[in-house]
Amino acid sequence: MNLLQSVELLLAIQRVSSPFLDLLMRGISLLGSEFFYFGVLVLLYWRTQRAFAIRLAFVVLVSLYANFLLKALFALPRPAGAGLRILETPEDFSFPSGHAQSVASFWLFLAFSLREPLYFWLSGILTFCVALSRMYLGVHYLGDVVFGAFLGVFFAWFLARFFTRVSLPTLRPWAAGALLVLGSLMLFLFAPTPPAVKVAGSLSGALSGYFLTTLLGLRERPLELRAYLWGAGMVLAVYLGGKMVPWNGALWLFGRYFLVNCCATFFVPLLVESMRKRRDW
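Each residue of the sequence shown is one higher than the one before, starting from 1 at the first, in our numbering.
None of these hints come from the bench; they were simulated from the model. Any given hint could be a false lead.
Computed spacing ranges between beta-carbons, pair by pair [stated by the list, open to error]:
no., residue 1, residue 2, range
1, ALA12, PRO222, 45 to 51 Å
2, ALA75, LEU118, 37 to 43 Å
3, ASN248, PHE36, 24 to 30 Å
Every residue gets a Cβ at the ideal spot worked out from N, C-alpha and C, and that includes glycine.
The whole structure should be built from the sequences, with the hints applied where relevant.
Structure (structure tokens):
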């Protein structure tokens with residue numbers, strides 16, 4: 001029996017299933033979802049942690065983009081077998097696990113950045129729990145989550161060393177803007193699947209918003225509660241509004257996620273700054 005691709009292992013894990021465990025494992029699995037990390041990163045960005053939040057977003061999104069490239073390359077199907085309960089229906093391939101990879105890259109990069117033992121322990125515990133939840137839900141084999149976690153560790157380690165040891169040149173605004181446009185174009189052109197297009201749009205939008213915020217010199221100050229609510233409402237309106245537009249195709253999908261992330265990283269700080277100047281906040 002190949003343990004890494006074993007349906008029997010998944011069936012053994014599911015023998016202890018119950019409605020409570022189903023709900024618990026779904027909740028744990030959310031810790032590896034893009035919606036969870038989007039919320040956390042936006043809160044960090046709005047709480048005077050722009051540079052750190054954008055680095056963390058870069059790590060998670062680059063890691064996920066690589067994940068979708070590998071999924072398209074290997075094209076391995078999701079688990080299937082007699083008696084196996086499938087509690088989720090993901091739209092992409094199985095190998096490697098994006099949830100295990102994203103939780104490992106996020107929390108381990110956080111640990112490398114803060115250099116506190118607690119976060120190293122936390123990254124290991126959360127990665128294990130999310131990996132177990134994905135197998136319990138019947139959407140990943142053991143090999144999927146192990147390799148996904150390994151990739152997450154690699155990206156966290158490599159990019160943490162990159163950000164601390166490599167001194168990036170200071171570019172003129174036009175050069176930085178041109179680099180952003182070129183990078184966004186490359187991300188879009190090489191995205192093999194719709195989930196990869198979403199990640200490409202998110203990364204391009206987040207970086208572009210941060211670039212514009214820095215270029216205009218928008219001050220970095222913590223938001224008040226009502227500013228958070230306004231900001232969350234703006235981002236949600238852009239997200240839901242984009243879904244309502246009856247356009248299809250990869251280009252619009254890229255544009256939707258670009259706008260959502262650019263709204264969070266640029267338009268919300270711009271609105272808050274303009275309201276503060278008018279002394280409405």
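Structure-based check of each hint:
no.: 1; hint: ALA12 / PRO222: 45 to 51 Å; verdict: 48 Å, holds
no.: 2; hint: ALA75 / LEU118: 37 to 43 Å; verdict: 39 Å, holds
no.: 3; hint: ASN248 / PHE36: 24 to 30 Å; verdict: 27 Å, holds
Going through the hint list in order, the structure satisfies each hint without exception.
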